[in-house]
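Position chain U against the provided structure of chain B, taking the given hints into account.
Note that the protein sequences, when read in sequence, are chains B and U. Going by our numbering, the first residue of the first sequence is number 1, and it counts up by one from there. Going by our numbering, the first residue of the second sequence is number 427, and it counts up by one from there.
Everything labelled a hint here was simulated from the structure, so no lab data went into it. You may find that some hints are simply not true.
[To be verified] Okay, derived cross-link-like pairs now, DSSO-like style, lysine-lysine, Cα gap no bigger than 30 Å in a straight line:
1. K428(U) x K373(B)
2. K402(B) x K536(U)
3. K402(B) x K549(U)
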Amino acid sequence: MTTESKKTPLYDWHTAQGANMALFGGYTMPLWYPAGIKTEHLSVITHAGIFDTSHMAVVTITGSGAFSLLQKCFSKDLEACIGQKKAPLSSGRSVYGVFLNDKGEVIDDAVLSKIAENHYMVVVNAGMGNLISQLLMDNNEADDVVIIDLTDQLGKMDVQGPLSTKILNHVIKDADKIFNRFPYFSFKGHFDAGVPCEEPVLLNDGTPVLLSRTGYTGEFGFEIFVEKEHTVKLWELILDAGSSTGFIPCGLAARDSLRAGAGLPLSHQDVGPWLFCNNPWTFVLPYNKDQSGFSKKFTGDQALLLQEDAEFTYAFVGFDPRKIATEDADVYLNVDENESIGKILTCATDMAVGRHEEKIFSLASPNRPENFKPRGLSCGFIKVNTPLIEGQSLIIKDDRRKIKVVVTNDIRPDRTARRPIKEMLS
Amino acid sequence: MKEINELELPEDVRYSKDHEWAKSDGETIRIGVDDYAQDQLGDIVFVEMPEVGDKFGKDDVFGSIESVKAVADLFMPVGGEVTAINTDLEDAPELVNQSPYGDGWMIEIKVDNSSDLEDLMTKEAYLAVLQGSE
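Chain B on its own, in the form it takes in the complex (with noise of 0.2 Å):
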């Protein structure tokens, strides 16, 4: 086995910019830019910026046994799944899901997308695509079932923030046909020419692309999988479109506290080796009408329905930018109590919200009080063997500090990833 690490098809152009690389899921990647991660942070709010996430691993799985493979590994149930009516996964849209083992603990969280009847396409974590592969194959019972890890042969990045769809206008053949109806979690077009899409999206030269409406900032935005050789030249393009816009590009720290204030767990930090339930995400689990059951049967799910020594997750928010540094960091209901009701899982600090009379405004907030300038908020998420409720106060300490932080069901405010695409475009 090879512990040399990985490197995206940008690698080189993050170096020449003086990113600061560090490891992450077996590739180097930036971490931050010289902007710096406060600068990243924001102009995603405001503006818009570029995130290189070609770490992410792309599995496809074609055949008419995918269907139903997908049914008994993938949480959500893909015959009610989108929207208010629960309507079934159709092509063209994706939905958010995990993959979970029969104790009913995640393997990995994903993006299942629809590219056409018996063809899907499953975008798991960096280092995933082995793992998820072997489920895949390991559960499949059906003969005509191909399972490919496409991971090496495409590039992948995310364009995130309001300004989104002027810097892709640029980019794009056709843009305004392409933009006009792209619900979120939606995509249009193909990396790959020869899969035939109603709508195929294309760079101005003519390349293909896989475009969706998707992201992991809580931002308005897309992520674009395009076929390895166009990688460096669609990063350019993209970049040299909004350069005079304020769009830079972001590393993934940035992408962290930006997810972090979203309220989206980090796979194997915020969900993982453990029961999946009693957290903020459980709406990726195929509960009935009533929530007594589940409306398809897949793996996990009687583990899930017994609920065996389940532990709980929040989102917390805290009153000032201080982190607490999650190794070994316990959680208390307050400063006297000596007994730790948990753990932290993620600790973040959203730069772009504050505090004012109480409520917590983001710099995009419509209603925002005049020259609001935002210090940051500590947010993340916790585990702890006791139910919580909202406004609950509780105390996190590690070995340097105590902070306040309370319990929360939402932390950055006025998040734009799920504004219809019409306000957008003006």
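This is chain U only, laid out in the frame that chain B set:
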């Protein structure tokens, strides 16, 4: 991050191995973190300060400095009693990045032993330490 030869290291302050600076102004000594520290930490978002009247020995932790990347302890380059703190940092911690030896100063102390200051490093000695740790 800056190369060592790009660091701003004024001649009129003394440096500690923990990257604090101290500058004597007769009775009092002003303390902050140097250009190397602020550059390593990146965007500073919070400075945790002691209170006026607190007493610390040399090398004691007198507060902490938090950037988006990390939290670092602040160590006393010399022992003494805190006589003033820079309250501007409460609302504008980025002053430490912008002006580490000027508006980004942290505390003033009445020094216990004025000869302590002489034990701190000159610019030349500090540069040699930084170069040695590369």
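A quick look at each hint next to the structure:
1. K428(U) x K373(B): 28 Å, holds
2. K402(B) x K536(U): 29 Å, holds
3. K402(B) x K549(U): 36 Å, violated
In the structure shown, a violation is registered for the earlier hint numbered 3 alone.
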